[in-house]
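With chain A's structure known, arrange chain B on it following the hints.
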Amino acid sequence: MKAIVLAWDYAIPQTDAAGKSVSTEVLMDDEAFNSFYQRTARPLWAYLARVSGSSSLADDLLQESYLRFLCAVNRGQDEESRRRYLFRIASNLLCDHWRRPVAAALDELPEFAAPDRRDSERIDSQAILGPALAQMKPRERQLLWLAYAEGSTHREIAEITGLGAPSIRLLLFRARRKMARLLRRQTLIPGRTK
Amino acid sequence: MKYFCSQQEQVASELRLGRPPEVWDETLRAHIAVCRSCSDLALVAQALQQDRTQTVQAAQIASPGALWWQAQVRLRKGAMERVTRPIAVAEKFALISMTAAVLAGIVWKRNLFLGWLLGVLSLPHSDAVQAGTSLIDGWITVLMAAGLGTVALCAGLTVYVLREKE
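Order-wise, the sequence lines are chains A and B.
Using this note's numbering, the letters of the first sequence correspond one by one to residues 1 to 194.
Using this note's numbering, the letters of the second sequence correspond one by one to residues 1001 to 1166.
Among the hints, erroneous ones may be present.
Partial selection, computed: residues in chain B whose CB lies under 7 Å from chain A [said to hold, decoys possible]:
#	residue
1	A1047
2	T1055
3	L1075
With the Cβ distance kept under 7 Å, some of the chain A side facing chain B (calculated, not the full set) [as the list claims (entries may be wrong)]:
#	residue
4	A46
5	A72
6	Y85
7	R177
8	M179
Derived from the structure by calculation, the hints contain no laboratory data.
All C-beta atoms in this analysis are idealised placements derived from N, C-alpha and C, irrespective of residue type, glycine included.
The shape of chain A in the complex, shown without the other chains (with noise of 0.2 Å):
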């Protein structure tokens, strides 16, 4: 391995100063990415179960995301910032995963999506809620969980999902009167849960 190295750094110089640059990239180190890793993995992996509707996505999905955080070049300089990078990686990851399989803008996808079986069996309120976040179309799932469930703001949502700020608020609206509507009718109807 080593001498592949040295006889590529003889014959082209430039592999050194690409060497180099890869060190100045990376300008998060081992320990560092450990912390944020630990802070932001969670909460990332459930962002990513909640709206793609699948547990075994969301492990793929959260590993890429990370892989592309680490290898961009401009991540951010505070925590925040770096933590909506990543949201919006995995954001563009999870628009890239819907529209591979047919050409279709998001917005035009259909509302279902499975609720993984594992969770929904271990975890109570995904009783109730499951059945709801499937009836809803993946951008409103988005926009409701980086909303309610992670407490972004208008503008922390527009930078995320690359949607026009002034559009968040009515979507919002709609979609948050859509879940409410289906919550209800959730509890008022106990056997449709399932």
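For chain B alone, coordinates are given in the frame of chain A:
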């Protein structure tokens, strides 16, 4: 139903603090009872916050060390690709140029080439065969064959050397 209620910010801030409606002040609770927009907000936010707490606790996340290592490999690979891209482009350009030159030569001297080919394969005589046969013994054919052989040899050697370096 109102699109935006004046009390909504207050309701939202109570919810952000994680306080349930039971402990809110009397007027806000009375408002929730009559305002559909705010009651929707309280219902949805509480359900999502509760779900988030439980989902975050249940999340099984991978080791950050493995991710860090994978990212380093990806960065290194990306840097190497950036550096070797000009070589790859030059290699492709050389290959395309060489193929184009050979094809152009064949097309340009197609009658001679066909004749020579038929002669080599000992196919029945024709005008082209006669023209080609006359050249088989000629020095042009020898040069052409030698040139093609040299080009093929050089191309093979170049590809071999580049592969070895990689």
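How the hints compare with the structure:
1. Interface restraint check for B:A1047: the shortest CB-CB distance to chain A comes to about 5 Å, inside 7 Å, so the restraint holds.
2. Below 7 Å, beta-carbon pairs count as interface contacts, and B:T1055 has one with chain A at about 4 Å; its hint therefore holds.
3. Annotation: interface hint on B:L1075 holds; nearest CB of chain A at approximately 5 Å, less than 7 Å.
4. Because the smallest distance between the Cβ of A:A46 and any Cβ of chain B comes to about 4 Å, under 7 Å, the interface hint for this residue holds.
5. Checking A:A72 against chain B: minimum C-beta separation of about 10 Å lies over 7 Å; hint violated.
6. The beta carbon of A:Y85 comes no nearer than 15 Å to any beta carbon in chain B, farther than 7 Å, and the hint placing it at the interface is violated.
7. Contact between A:R177 and chain B, as hinted, is supported at the beta carbon level, the nearest pair being about 6 Å apart and thus within 7 Å.
8. Taking 7 Å as the C-beta cut-off, the interface hint given for A:M179 holds, the closest approach to chain B being about 5 Å.
Comparing the model with each numbered hint stated earlier shows that hints 5 and 6 do not hold.
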